[in-house]
Every structure is written in structure tokens, then in C-alpha cells.
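Number of protein chains: 4
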Amino acid sequence: MKTFEELESTVRSYSRGWPTVFEKGKGYKIWDTDGKEYIDFFAGAGALNYGHNDDGIQEKMIEYIQGNGILHSLDMGTTSRKTFLETFKETILAPRNLDYKVMFPGPTGTNSVESALKIARKVTGRDTVISFTNAFHGMTIGSLSVTANSFKRHGAGVPLHHSVSMPFDDYVEDQNTIAYLERFLEDRGSGVALPAAIILETVQGEGGINAASMEWLKKVDELCKRWDILLIVDDVQAGCGRTGTFFSFEPAEIDPDIVCLSKSIGGAGLPLALTLIKPEYDQWGPGEHNGTFRGNNLAFIGATEALKFWETDAFSKAIKEKGDVLQKGIEDLVKKYPELDAHHRGRGLMQGIAIGKHQSTDDICAEAFDRGLIVETSGPDDEVIKFLPPLIIDKDGLEQGLAILDESIKTVLGK
Amino acid sequence: MKTFEELESTVRSYSRGWPTVFEKGKGYKIWDTDGKEYIDFFAGAGALNYGHNDDGIQEKMIEYIQGNGILHSLDMGTTSRKTFLETFKETILAPRNLDYKVMFPGPTGTNSVESALKIARKVTGRDTVISFTNAFHGMTIGSLSVTANSFKRHGAGVPLHHSVSMPFDDYVEDQNTIAYLERFLEDRGSGVALPAAIILETVQGEGGINAASMEWLKKVDELCKRWDILLIVDDVQAGCGRTGTFFSFEPAEIDPDIVCLSKSIGGAGLPLALTLIKPEYDQWGPGEHNGTFRGNNLAFIGATEALKFWETDAFSKAIKEKGDVLQKGIEDLVKKYPELDAHHRGRGLMQGIAIGKHQSTDDICAEAFDRGLIVETSGPDDEVIKFLPPLIIDKDGLEQGLAILDESIKTVLGK
Amino acid sequence: MKTFEELESTVRSYSRGWPTVFEKGKGYKIWDTDGKEYIDFFAGAGALNYGHNDDGIQEKMIEYIQGNGILHSLDMGTTSRKTFLETFKETILAPRNLDYKVMFPGPTGTNSVESALKIARKVTGRDTVISFTNAFHGMTIGSLSVTANSFKRHGAGVPLHHSVSMPFDDYVEDQNTIAYLERFLEDRGSGVALPAAIILETVQGEGGINAASMEWLKKVDELCKRWDILLIVDDVQAGCGRTGTFFSFEPAEIDPDIVCLSKSIGGAGLPLALTLIKPEYDQWGPGEHNGTFRGNNLAFIGATEALKFWETDAFSKAIKEKGDVLQKGIEDLVKKYPELDAHHRGRGLMQGIAIGKHQSTDDICAEAFDRGLIVETSGPDDEVIKFLPPLIIDKDGLEQGLAILDESIKTVLGK
Amino acid sequence: MKTFEELESTVRSYSRGWPTVFEKGKGYKIWDTDGKEYIDFFAGAGALNYGHNDDGIQEKMIEYIQGNGILHSLDMGTTSRKTFLETFKETILAPRNLDYKVMFPGPTGTNSVESALKIARKVTGRDTVISFTNAFHGMTIGSLSVTANSFKRHGAGVPLHHSVSMPFDDYVEDQNTIAYLERFLEDRGSGVALPAAIILETVQGEGGINAASMEWLKKVDELCKRWDILLIVDDVQAGCGRTGTFFSFEPAEIDPDIVCLSKSIGGAGLPLALTLIKPEYDQWGPGEHNGTFRGNNLAFIGATEALKFWETDAFSKAIKEKGDVLQKGIEDLVKKYPELDAHHRGRGLMQGIAIGKHQSTDDICAEAFDRGLIVETSGPDDEVIKFLPPLIIDKDGLEQGLAILDESIKTVLGK
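Chains as they are written, first to last, in our numbering: chain D, 1 to 415; chain Z, 1 to 415; chain F, 1 to 415; chain R, 1 to 415.
Just chain D, same shape as in the assembly (with noise of 0.2 Å):
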């Protein structure tokens, strides 16, 4: 760990709660130069949704490497482009009856939000964007304004604007936060301008795991079109099959203007990010957003191979599976310590344990490490223990997650 200590920014976040170097991985486990095994509950912060080095996935860029593929393009017509365009229209877009034109924004979930915010902007001609509270949208300014964790923001090292936080569902108690949006939107005088956007996460990974009713999207969707505000999905960390569909916002049968998508899009967790836009909204002239690594190919390789997975219904069915095993894993642990004055959060194989405030999830997860497996905390104080799971991994290796989760509470509470 020497060298990280040394050479690198104190910036560095995870070296310093899983202290080890990390070699392998495969599927949902990991291995450190050690040998030491780690089941992976963690999978990239959800970068990794079809585990680590996919047998199919692995075939295909080496295939391609070794065939001189052009790995760099930026947005030049390229075949690996082609194909993944096609491939992705076929598989994902046309059986969801959804028509988005295809933006390639740069390969990170930031730069998609930023260009979803520019084109809002652009296309109303306004120039306020309305986010809810707990949102993470990305740590570059304009992703930042919508961000509401007030360390992230007090690190932009200026005032952030042209941003209103809302409440999200549920967030203050007994009150309903859909009649606040609403009258804030209906009066002239509320001090709110009209927005260009309202931009929202179905279910809020950073932010502690609060997963928004679809009753709740609905009646945002219904006040996005009362008043032609645009609606953005973050689908950054919730999409690509988290929540058991493909996209989040699936069971809420709403329908946004604009969809960010990045994380596990690129099948094996290389750069990738999209920006999904209803043609009318379209507006944009050449390059008025660009970015270098915006053609990267060896992840449209890895994305288009990825794109199997959803041919048919079948791994939609197992996530949701999966998520019914870990939510009563995670039930059966509230229900066990008590003490924990915790709670179940989240949804699909996207959920969290929040705990009470006299208890550490730190340590918590720190004796999960010691243990082998590797499990983050999430929310504006780190009190929820966030499982992100891959998608790929079994009944056995939840449960044997989850055992590990068991016993490191025990540990923590009988210190």
C-alpha cells in the first residue's frame, strides 16, 4: 500500500477501507495479491453488473485487439459503433416501443448528466434545473449543482446555481411532497422559476438507497408534462438491469425525455456513457458537446456482447429473484438486532440496510473486509449499508454474503 500512500492524492477513497492490492477478478469474486478470496457485493459501484471478465464479453475484445480494431475514434464512424447502435435499437429500445436518438456524451456518467443539462437548457430556454434532495448526479460543476451531499457541493469551491432541490418521495415525515413540487411549480410567485428540467434517480444509490413509488414518479411525470418541464432519468447506477429491468423506470410506465446511462453499459466496466434523447429535443449543433474518449470501442465491443443478456426475459426474472432473496436476507437482520434500530431500503438487487445512529456502519464493513467480503456504506451521514451485488451472481453467493453481513454485525455489536 506503500505505493498509493506515497505517489498518489490523499483524494483516494476506497484504498484506505479495503487496505489491500486487488489482482483478479472473475464473476463475483475477487482475489488480492494474497490469494485472499472477496465476494464482491460492491461490483464497481455498479459499473460491474455482468461480473468481472464475462467469458463472452472477454472473447470479444481480445478478438478485437488482436484484430487492429480502432480503439480510439472519437465520434468517427466506426464498425464496433455501428454494430452496438443497431444492436442496442434492436434489443433494448424497439422492444420497449421507446424512440431515443443515441448521444455519446464521453465516457462517464458526469458527462452524460452534463450534456442532458446543456440540451434541457438549450431546448426551453431556460436555465434552471430542479433536483431532489440526496440526488447524485457527478462531481464536474454542472453535474455538481444538481448534487445535493453538502461535502460534495462545499468541494466545488464556488457557490453552485441554476439548481433547486426538491424533496425526494418520502423525505420529510408525514408530508407530502408532491403538493410542495406542485404549488412551488403553480405560483407565480413561489420564487421557483419555471425549470428546463426536472432530473431525478428512480431510486437513489449515493444518497442512501431511497427508492422513489411508482406512484410518485407518475405524479412527477404528470407535472413535467402539465408544465413542458423535461424530464430526466439518472439511470446511471439504477439502470442496465440494477433494478431488475433494463431501465429503472420501467414498472412506473412513465416515459422521459432524456435518460443518462454509463456505469455497467459497458459491459466489463470500461468508460462508456450514453445520453438517450426524444428526437423533437434533439437540437443540438455538430460538437456543441464533445469530449475525446466519446468513441471508446473497446467498450462498444464489450457493450454490444453485454446487450445478450437482455434477448429475452430470462435475466430480467433471475434479478428479481435475487432481489426478493436479498431483501428478506436483509429483513431477517433487522428483525435479529434490534439494536440496529435498522430498516430495509431499495429494491431489485439495489438495496441497503440503514442503521440508527449510535451505530457504525464503518466498522460494520470493515469486518466484512476482514471476512472477504467487500459491501460500501451510502447516505448523507453513511449510514446505510449499500448492497450492489453483480446481477450475475447466485443464490450461494448472496447467502454467503449475507452470512458474512451476520456475522460481522454480531462482532461490532458484541464489542
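Because the hints were derived from the structure by calculation, they are not lab data.
Be careful, since some hints might not be right.
[Claimed, not checked] With a Cα cut of at most 27 Å, we get these calculated BS3-like pairs of lysine-lysine:
1. 82/F with 225/D
2. 101/R with 89/R
3. 278/R with 82/F
4. 60/F with 29/R
5. 395/R with 24/R
6. 225/Z with 357/R
7. 36/D with 26/D
8. 2/Z with 89/D
9. 152/D with 101/Z
10. 218/Z with 317/Z
11. 218/Z with 2/D
12. 357/R with 410/R
13. 308/F with 29/F
[Claimed, not checked] Pairwise CB distance ranges (calculated):
14. 279/Z with 227/F: 29 to 39 Å
15. 194/Z with 308/F: 45 to 55 Å
16. 395/D with 188/F: 32 to 42 Å
17. 358/R with 357/Z: 44 to 54 Å
18. 90/Z with 59/D: 29 to 39 Å
19. 194/Z with 358/R: 16 to 26 Å
20. 227/F with 67/R: 47 to 57 Å
21. 59/D with 37/Z: 26 to 36 Å
22. 93/F with 67/R: 32 to 42 Å
23. 285/F with 341/R: 22 to 32 Å
24. 194/Z with 335/R: 33 to 43 Å
25. 335/R with 93/F: 48 to 58 Å
26. 255/D with 99/F: 54 to 64 Å
Note that beta-carbon positions come from the ideal geometry of N, C-alpha and C, so glycine has one too.
Since the structure of chain D is already known, use the hints to place chains Z, F and R on it.
Below, chains Z, F and R without anything else, positioned relative to chain D:
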């Protein structure tokens, strides 16, 4: 091309000027699906300094994938990250007596710039950043605020703040731009607050291949030291050997506080970015800036292998020699076609030919494309044809490219 | 009226609704050049609490001018400034156990608000200020940023920053706006930074005569104390006795850190403003906020004389009694004309009648004007008829005014 | 002075440098409570161009008050407002062939500037305004954003936006500031957006009595016309005859789109401000900018009477002659005291003497105060002694003042 026209956003840009589908690349050449060969004077806008599919890099990447190496790791410790850090220190920093902490800010140039601006503001407690006319630093809101191009700025959809544009070297005929900058800084009534940082490119790539003199760079550095302003060199395009030395600022013998690297740092064109920070300014809290793809391990593999080019002086010398060939070729064209009202710009293998207002650089580049040369324009009015061949190009390749350009100009002028 | 139409800017407003040329005023009556008499239920939008041309004030002003008293002095020491300061301390501050330093920020309410925001930001080192829905604090950019009306905000021509709009008391049906505010303040992930200050009017005049309950004001005050947020009461319109006590916040038994006064503080309607600041927050550097007319000595003369009204409790009691008369009058109208879908608002001599959406307040006010009553509308949709008679009005005057309003409503409903 | 020290905010400024209590004023003289007489070379920072308590103005004001004239009217029609508008048109606008609509924006200079910026942004749909180094336009956030002084800007407590500071005439030694401005405007890659307006003072008062040349003003005007930028002249301090003509820009033969007037426009030092707008740009909605004291009728009375000074050329000629006397006096001092390293600045009766860095202007002004001369400093480092005598001063008064200054300098240098 129908796929791109129908499925992709109108934001796509290069696939309009070079309307074909590329398939393979090796060294300084690429081929499209029809088997047509092109000489690449574009090199992924500077992301492919080592050419397409370098044998050594290919081999290491394949080996890594086959061995189930960790591909995605955020900022967890991995073997590939460790090796890269050590090699970068040994090959690049130590021999140049540079003592930077290395930050991985997310895998794009704009992310590196955003992180540089944040830390400069945090360290100084000031909000303003001075940037220069015709600067390009990226497309996310923080970086865009220090980018000068009005089309790109306007795309933000919101006013851009906390930045002041000052004249770059030689910007106003017969005016001493350093005298202006100095006066604005020294006068408490100038209307420009003492800035957190001054950010600059030593050679402005997108801005029209404007190369600052070494004397000008030295004076900016002195002004920064006099007023405790951090100097940020954005070496995303001009770095990694593009101008003949690894860092473009080496011949100026200056000492930037922060350096942004991306594009070619990954070796093979895979997304990667570094922010180099003097230890005394590395005051980040853990995770105060982050990003899902800040640990792109396949790019670490490529980056480490590419650093072999820098083990001796030979590569640097060769770039300078090829730069001389390129410069002579450009100057010959300037003389041969006086009706172009042209002049030479740039240094190393980052050069351009600026064309008078009555001629179309786009037409010339289109003719060149037809003849098998990939070359693009830059500058606020696209008035410059920009030459960024891979650094590994040989003289033969350079001369072929120049010959195609000669014919293209002749054809356009003949019309 | 031709003079105004031809020579004045289209921004003129009141001369459209009351299309005549006024010449004289005395007490609660004014006369136009045709000799027509009007009862004034407008009182200079609250700047003429002591009525037009009070005998005592007139006498002192004439005496001062005749004696070649200093009229203009910025913040130089003058006899009239000295006497005002001493009288204000003795008559207003000391009896209420208030210990404020007095700042003269320039002679307008908006200037007082701008100075309050500046000092709150300086003292706390924070930039955000929380204001409320339907707040009105002024038209210069700082004050406008905490003003809620969308028409007025839009007039800025630039986005307004550093402010967050929270729901005023009773803003959303059946919702607890204090719970909402508290949640945003306590949660580090709310997206709202800890503010420098909360600014409020206890009764929103322009916003539609919305009177906060004493309980709500107390709770806001408690939240401010809990998080070291400065509480600014903008008492420009509701202060100087308008609600029955000199400061409108007295019945809430709260303790604002900063108080803004203007409008009637000058006694005769001459421009004057004060910013009252708790001594521990009076951290201005000399001249850090200034203004040419911050020493309007004739206004000091009027202001000092007007403070005589406050030497005993009698004036305060009389206002409350007249307020009861006014309230009963309004409630009678509400009952008498159910088709208005009206309800009563406000307290003291700052009351209004809110009319349902299908009726025109403008028509009613126009009828009233024809019948000799000056009364204006307020609220985001001009849905409230606002009653601000001079505090020195007698019951006869109140009843005459109410009678005219009754006839005006009848006429409009009859059409 | 104890009253001011104990009761007033620490923001008070002039009462520190001139620590006495003033009581009376007449013409160019004032007296304190001890009966000590002072010659006034300050004139209310330019608000008392017609001297203290002009007989004619006094008489009209008393008559108006005695006649129960309307004192406060917002923008209702009144006889005094009507008469002022007609007299201003007839005496000032018509003879100069100027066709402005008159706006009353609230009774302070900063309010006039705020309104000018708003309408310029509305009319052009652009947000940036260009202002100049060492400009002073006011202390509310909109005006402060175009004010250059760093102490005053810092007092905002928030970053100031939507403005760009350009170098004033002669700002950088041996550099052509017009060439600089032109280059930034013409280049689409300059980083400075096409502005809504350029705002300037022809002679910068607070900034150090910097007088722009007529040629420079003409060129700025030409640049504005070339790019459809509105030219705003802030004539708050330099207008109303201060430089010898009613408007300070008359000798430059330029044609501003908007003119800001305040300070001496009220005649007697009572708060009043005007914004003059070319009819084609007068696109306000009713009430889009407002303010409680925009109808200060007693100031209309004073303003109307003061316009009598402008019925013939005599007043203008006399100012110029007295300006010559003042200039000669200053130049004599410059020669007599070479150790001051001084030079002359300004024109008309708006002149100054700039002192080298090693001398204290504060000490000189303090000596002058002791000897009965009121004179203040200006400039970013208070390096200029500023002479703003009332325009009605006689040569005797000028010479007495200069003599006191001579002695004061001698005393300070002798220490």
C-alpha cells in the same frame, strides 16, 4: 452511414466531415470498411501519440484480459495501478526533478481540469480563475467556464462564472499582453479579483495552434509566484511528447503547481486522466472529487507500456526532427501558395497552417480526405488546418501527408 | 396625463390605474388638480403611516430649511443626524430592550436589504440566504434575488443566485412548512447549504397580505438560533406601526439579528432607510457599504418629529382598534358577497381581501377610484385588494372607504 | 461625536475623517456647531453642484410644503412631477437634440444604474455587461458587479457575475486600450460574450479622477454601434454640469443609449435619480422596475428650480473658467512640490492631484480640515486628492481653498 444518421444524435461531428466507417488501424494508418487506406494526421485529436495498436501495448492488454486482471476498480488498490504509479514516478517525474502527487480524477481531460480548478479554489480560498483567449479546457460546466470559444460557451445554456479571460501571447497586434495581465493583477481597482489560479495551454490546440513563447510562459509563471496564484498547465493535448518533450512546458523551465494530463497518457487511446499536484497543495479530503471510471485498469496497462518510449532521449529527439520536417513542409506550402495568405503555427508535432479569411479550410480538408489523409481544422473560425500526426510516424508518412495536402490545396485553389 | 405618456418611460405604473394629476394632501386625504377629493387607503405603499403633511413635521421641516440647515451630508456628523439617533434610541430601542447599532445604508428599502444581506454574508462567511415564497424585498439585484415574484425576477435579465425559496406559513394546504424547513436545514444531503441568513416579512405586503402566525415566527427564530443563522426581519412595509406595534415582530417575542426599516421611518414620506444590526454582527469596515444619499437630513428632521407618536402607548392602541374596525368591515363584505369567493387577510392596519379567481380586483379598484378611494392590489396574480390607510386615519375615514368599496364591488358584480 | 460612535454602525466613514458636527450650510461654505467655517471642496460628493441652500430652491421648497403639496407619490401623476418633466425636456433635452424617455428608478444613483443594466439586458437578450477598470457605479449587487474596487466588491460577500472589466483610457502605460477592447469584441474565441451594454463614466470620480479623452469616448461609441451594444453613460457624478456641460459627454459628440443621472439632479441635495432611455429601448413593462421613493416630489421642486441655471450658456462658461483657475492652481502645486511626485487629473470642476506612493493624501486632507477646507481622496489606493467644489463657487473661494491646500502640503512635507 445510415445507422449514424438515423440512430445517433445530431451532435455527431467527425462522422460528417469524414463520411465513412473505419475498421482497422495500425501505426499512423487507418482503413475503412472498403479497405481504403488513410494517413492519420489527426491521431484521435492527440490521444494516439503512440499510433494505432502499438504491438507492445496490444500484447500487454491481451495478456491482462486473459489473466482475468481487474478491469474496473474506482480507486481501490490494484496491481496495474501500482505498477503505473511506480513507473510514472521513475520514468517521468524523477528524471525531471518533479515532485507531484498523482490524482486519478475520472478518465477524461475535462475531469482533470475540473479537479484542478476545485483544488486550486480550495487551497487559496479564492473563486476566480484566469484563463486565456482561445483556450480550450473541456465541455463540462467547470472546464467550459475557462474555455473561450463562444459557440461552445453558448452551449452551456447558462452564463458561465468565476473566470476571467485574459489575452494570450501575441493576441492583440503590437500590444504587450503581459503588461495588461500584470496591470490587472497589481491594481486593487482593476475589477479583477486576485485569482485562485491561472490556467493555460502552452500550445492552444483547439484555439488555432497558438504556441506561447517560452519568454511569455516564464513571465506568467513569475506573475503567479509574485501574487501566490497557482499555475495550472493543461497539458492534455500538448503533453505526452506532442511538442517534443514529455511535458510541453519543459523548455520554458517553469514549474506549474498543477498539471492536467489525459488523451495519450493511456497509451492506446483508452480513457485515462491524471491531475498532478504539488504535495503542498494536495489538500483533498478522501473522495472530495471522485468518479466511477477513475480506475481504468486496462488503460493503466497501456499507459505503463507506453512509458517505455520515454526511457531514453531517443524518442524526444526523433519528435523534434520530425517537427522540423513538418515545419519545413508547411513553410513551403505557405510560399508556394501566396494566394492562401497563409502562415505557419506551432511547434513539435503540433503544427498548423493558418489560412486567410477568403479561403475554406473545410474544402481543403475534404479534398485531403478523398485522397487518403485525415486532417482537421481548428481556431475560432476554423481558419487553421491542424497537423497532429502520431509521434511514431516516419518521415515517409509525413511527406506523403504533406504531398496530399499540397494537391488538395492546388485543387481547391483551381476551382 | 399627456406629459407622462409622452415624456415618461413605459415603466410607469400607478399613473395608469389612477389617471389623474394629484396636487395636495393632508392627513388621510388627497386632492387632484380638479379639486376632486380622495380617501387614501394606499398611503404611499406604506410610506405615509403618519398621513400627508402632518402639521408638526411640516413646521420642523420648514424651520430647518429656513435656518440653512445642512440638507445633504452623506455620513458626516450633523445636528439633525445626531438628534435622530438619540431620539430613536430613547423612544424606540431602549423601551423595547433592543440593543441595535444603527446603519444608514442609502435612503431606500432595497438599499437596507442589500446592506443586511452583505453583512450577514460577511459575518457568517456563507453565501446562501433563505427567503420565502411571495416575499418582496426590493428591485436591485441583491434584494431581487430574495424576492419571489416571477415577473419581477425575470426583469433582472440575468439568473438570480445565492438564495433559496422556502414555503411561507400556510403556503401549501394541510402541510407543515416548518417541518419542511427544518428537514432541509438538518440534513447534510438536502442540497441546501447552511445559509448565512433567513430573511422574512412578518406580513407579506406585495405578496398578498400574508400574515405569518406568531407561532410560526417563533419557530423560524428557533431554527435560526439552533444553526447560527442570522434572522433578518424586513420591516420596511410592516414596521413603523403598520401592524399595531412599532416593529411588526414584537408580538412574536422574537429577537431578529438585523432589521430593515424604510418607508414611513422618514415621517413625511421623504426617502430614508435604516439597517439595525446587533452589535456583535456590526463588523463593517468604514465605507464598506455606502451611498450618496445616506444622510438625508430633512428626512432626519421628519423622522425625529414622527417619533413623538411613539412616546406613549396611545398610538399603538388606536391602531389596533382601527384594525378591528377594518377587519370587521372586510369580513362583512366577505359575507355579503359570497360570489366573490373572498376571504380576509392580514392584521393591524395592513389587511386585505382576497378574491376568487373568476373576479377582477382591478375592476373593483377602478370603480373605487372613480368614487374617490385610492386602493391597490397585491399578490402574485393581483388577487388581493390591499388596505394600507394612514395610521392616523379616524373611524369615519375607515368607514367611508369601506362604504366606497362596498359600492364598487356591487357595481362590478352587477355588470 | 460620542453619539455617532456609540449608536451608529462601524460602517460610518466621513465622520471619522472630519470629526465634527456640522450644522449649517450656504453656498460653498458650511459651519459646525462650534461656529467654525469650512470651504466645501467636496459638495456632497457631487450632489451639491448648486451649493448649499440656494435661495431660489429654498423658497420653492418652503412654498411647496406650506401649500400641502404631495410629498410622496411613487409614480402617480403629480403637479411637481409634471412640471419637472416638462422643464427638463425644454431646458435640457430639446436644446441638445436629445430624445430620451425619462424613467424615475428610485432616488439613488445605484438604482439608476440597476435599472439601466436591466433594460439593456432585456432589450438585447444578452447577459454580460462590459465595465472599466476603476469604475464606480454603486453598491447594490447589480451596480457593484460593474464596480471595480476590490474592497467594495469583496464587501458583496458573494462572487459578482455577468460583468467583464476592460481597461479604461490610458490604463496600461504605452498600450492602446481601444485595440484591446476591439480585439475581444471581434474574436469569437475571446472568451468574452457579446455584451448587452458597455457602461462608463467619462470622468471616473471614485476611481481617481481619470478623465477619458474625447477620442477614446468616440471610439468606444463606434465599437458599440458596430456590434449593436448599448452604450450606458453613468453621469451620476460627472453630469449636471460638473465638467462644464450639462452632460459630461457633450464635448465627445457621442450619443449614449442610456444615461444615468442622480446626485445634483435634485438641486438641493435631496434624493432623486433619473434614467434616460432612447425611445426604441424603452421596452419596460409597467412596474417591471419600481421603488417606493421614485416620486420624491420635494426633489422635483428643487430639481425644477435648479434647471434655471441652464437656461442660458452663462453657467456653463463660468464653470469652464473656474475649471481653468483650479487647473492652474493644481499645476502650480505640482511644480512647487516636486517631492510629491504629483500630477494633475480631470477637467471642469472635477479635478484632482495624484500624489506619489510615498506620500499620504490622508495627512494632507486632515491638515486641510484643520484649516477649514473640506476635501476628500479617491482612487484605488486613495492616492488622489479630489476637488469637487460647488459649481457656484467664486474665484475667491477657489483661491482660498487652494491656499489652504498649499499650506497643508507644506506642513505635511515639513514633518
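Open item on the list: Hinted pair, alpha-carbon criterion (27 Å max): residue 395/R, residue 24/R. Please report holds or violated.
Closed with: holds, 22 Å
- [ ] Could you see if the CB distance from residue 255/D to residue 99/F stays within 54 to 64 Å?
- [x] holds, 60 Å
Open item on the list: Check the hint pairing residue 308/F with residue 29/F against an upper bound of 27 Å on the C-alpha distance.
Closed with: At roughly 22 Å apart (the allowed maximum being 27 Å), residue 29/F and residue 308/F satisfy the hint.
Open item on the list: Looking only at beta-carbon atoms, does the pair residue 194/Z, residue 308/F fall within the given range of 45 to 55 Å?
Closed with: Given a distance of about 51 Å, which is inside 45 to 55 Å, the answer is holds.
Open item on the list: Between the beta carbons of residue 285/F and residue 341/R, is the distance compatible with 22 to 32 Å?
Closed with: holds, 28 Å
Open item on the list: Hinted pair, alpha-carbon criterion (27 Å max): residue 225/Z, residue 357/R. Please report holds or violated.
Closed with: Holds - the C-alpha atoms of residue 357/R and residue 225/Z are around 24 Å apart, at most 27 Å.
- [ ] For the pair supplied as a hint, residue 357/R and residue 410/R, confirm whether the alpha-carbon distance does not exceed 27 Å.
- [x] The hint holds at about 17 Å.
Open item on the list: residue 278/R and residue 82/F were given as a pair; does the straight-line alpha-carbon distance stay at or below 27 Å?
Closed with: violated, 43 Å
- [ ] Using the beta carbons of residue 90/Z and residue 59/D, state whether their distance is inside 29 to 39 Å or not.
- [x] holds, 35 Å
TODO: Assess, step by step, whether the Cα of residue 36/D is no farther than 27 Å from the Cα of residue 26/D, and give holds or violated.
DONE: Since the Cα atoms of residue 36/D and residue 26/D sit roughly 13 Å apart, the hinted pair holds (cutoff 27 Å).
Task: C-beta pair residue 194/Z, residue 358/R: status relative to the range 16 to 26 Å that was hinted - done: Since residue 194/Z and residue 358/R have Cβ atoms about 24 Å apart, the given range 16 to 26 Å holds.
Open item on the list: Between the beta carbons of residue 93/F and residue 67/R, is the distance compatible with 32 to 42 Å?
Closed with: holds, 36 Å
The structure fails to meet hints 1, 3, 11 from the earlier list, while all remaining hints are met.
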